[in-house]
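Each chain is listed here by its residues.
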Amino acid sequence: MSVPLREIAHARAGDKGNLNTIAVIAREEHWYPVLCEVVTPDLVREVLADRVRGPVEVHRVDGLRALIVVCARAWDDTVTTSVHLDTHGKTLAGRLLGARVALPGGRAGSEGRPVSPSGR
Amino acid sequence: MPDVVRLGCGAGFAGDRLEPAVDLVERGGLDTLVLECLGERTVSLASLRSTDGSGPGHDPLLRRRLELLLEPLARHGTRLVTNAGAADPVGAARMAWGLAREHGVAPRVAAVTGDDVLDRIDRTAPAWEDGRPLEAHGELVSANAYLGVDALLPALREGADVVIAGRAADPSLFLAPLLDSLGWDPEDTGLLAAGTLIGHLLECAGQVTGGYFADPGMQEVPDPAHLGFPLAEVAVDGTAVVTKLPGTGGRVDRRTVTEQLTYEVTDPTAYLTPDVTLDLTGVRAQEVGPDRVRVAGARGRVRPDRLKVSVGHRAGFRGEGEISYAGPGARARALLAGEVVRERLTGVLPVRVDVIGGADDPTEVGESRLRVAGLGPDRAVAQAVEEEVTALYTCGPAGGGGVRTRSAEVIGILSTTVGRDQVTPHTTFVGTETR
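Protein sequences, first through last, are from chains A and B. Quick note on this note's numbering: the first sequence kicks off at 1 and runs consecutively. Quick note on this note's numbering: the second sequence kicks off at 1 and runs consecutively.
Derived from the structure by calculation, the hints contain no laboratory data. Glycine included, each C-beta is placed from N, C-alpha and C at the ideal position. Check before you lean on any hint, since a few could be wrong.
Quick list of the computed label-pair ranges, beta carbon to beta carbon [what the hints assert, rightly or not]:
hint: 1; chain 1: A; residue 1: 40; chain 2: B; residue 2: 183; range: 43 to 53 Å
hint: 2; chain 1: A; residue 1: 94; chain 2: B; residue 2: 18; range: 25 to 35 Å
hint: 3; chain 1: A; residue 1: 91; chain 2: B; residue 2: 60; range: 20 to 30 Å
hint: 4; chain 1: B; residue 1: 136; chain 2: A; residue 2: 2; range: 43 to 53 Å
hint: 5; chain 1: A; residue 1: 50; chain 2: B; residue 2: 254; range: 29 to 39 Å
hint: 6; chain 1: B; residue 1: 138; chain 2: A; residue 2: 91; range: 20 to 30 Å
hint: 7; chain 1: B; residue 1: 26; chain 2: A; residue 2: 30; range: 39 to 49 Å
hint: 8; chain 1: B; residue 1: 378; chain 2: A; residue 2: 2; range: 41 to 51 Å
One chain only, chain A, in its complex shape:
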């Protein structure tokens, strides 16, 4: 089955020059291994294709159950020079959370945990 990423993670984007960072954080501990599988550079490039140019890195921060996605925008797409409405690229976090991701092998069902909405 597939769910929007938002069901299993929350996220926050930051910006440094023409780079965006997007932290993707597991809502519950058991979702972290799933995030590590599904939040790939290819997924990020596909979902944010109109804005992200060049390489995408995904760093693991296991102790915080968080992934840090680092993606470059065009060199002149910066907070001061961008012609986009959101010059920071801060809304990219929300868009990434809208991506549908596959949950591997009936994980939610077999563990009897609801898929949505979790995190509280």
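With chain A fixed as given, assemble chain B onto it according to the hints.
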């Protein structure tokens, strides 16, 4: 030396709310309040303002913040550290001293300068953003090195109650008072890392106390209209509890803290500041009470050799225009309007066209807003965007309304580095001649 120091953050950016800082000073029992007010471009804009005489070289909101804060700061014996001096820390410090006298208090006010390195950067060095030489990007209007604790500590050690800097690394504004108040060894990379982590958590103020977090149905934040700003109770071993004042809105939990721990971090094993190389991969965030999260586990390595520099350059002029369409077929009319503007501006400048909202099905009732933007080399080109969107009123598709346009000069920001030997921090105490 105290066992625990209480450190608060009363502003996380230039436009932040004013009153949470006052609440922190009145009820927080703070050792030091920090106001972080400089974005990447803020110093460049301030520098242009002071050059063309259109405004102060420091943060324009600083006066209002100081008017609210100076008396309570003095009454509670709380120090203030801020980067709101922007392009004119000495001018800002003089203003602070004058305002303090008006409010019947007499703090020792110091300005920290030396971040301005426009006359000593290597203009042929490649910009981080695109690899081209800095000088290939047009006129450079400012260059400011990120100062660290070594620039801020002399003022604190000489007894300053108010320290006003320009460009300094955000976490350094917090680490410096921790070093001073807890008697930490400035060579101890473990403690430098711990204090930098705390500064990083606090530097965006409400972003760690439930600001930038509410998502109805998924992430509830109580009373966001009265968000409390953060304070940290920092132990002498470098561990800390991040919290907020009772009775304020917002929330501090593992999730809000984790979002801020990872915010704007491009490499979790090496978060670079002028003071230390911070490794976040061993950090743990643990809920230890309502709105109380304990953080520990920062590791540190030696600081970078060179200092990061933000360089402002004249990047042209941006023109923007918007217009709305509503009802059946709104989206198609907005898209057509966008094509009209694009065709009219062919050969003038490339534009970005967005149509926000509305339905593709023309039988559905919706509302769409066209937005056109372009970056051109001079003001006239940017104004052409405004003119063409405005002309849609009578020449464009049916039923457009609500035109808004604007154009302005754009200051771009590039990044480079400078050798530490090229940067000479200086501390100036103001007002002492009449004390």
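Hints, one by one, checked against the model:
1. Checked against the hint of 43 to 53 Å, the pair residue 40(A) and residue 183(B) passes, with Cβ atoms roughly 47 Å apart.
2. For residue 94(A) paired with residue 18(B), a C-beta distance near 28 Å keeps the hint of 25 to 35 Å intact.
3. Between residue 91(A) and residue 60(B), the C-beta spacing of about 27 Å keeps the proposed range 20 to 30 Å intact.
4. Look at residue 136(B) against residue 2(A): about 46 Å separates their beta carbons, and that is inside 43 to 53 Å.
5. Separated by about 33 Å at the C-beta atoms, residue 50(A) and residue 254(B) satisfy the suggested range of 29 to 39 Å.
6. Separated by about 29 Å at the C-beta atoms, residue 138(B) and residue 91(A) satisfy the suggested range of 20 to 30 Å.
7. Look at residue 26(B) against residue 30(A): about 43 Å separates their beta carbons, and that is inside 39 to 49 Å.
8. Taking the beta carbon of each, residue 378(B) and residue 2(A) are about 50 Å apart, inside 41 to 51 Å as hinted.
Comparing the model with each earlier hint shows no violations; every hint is respected.
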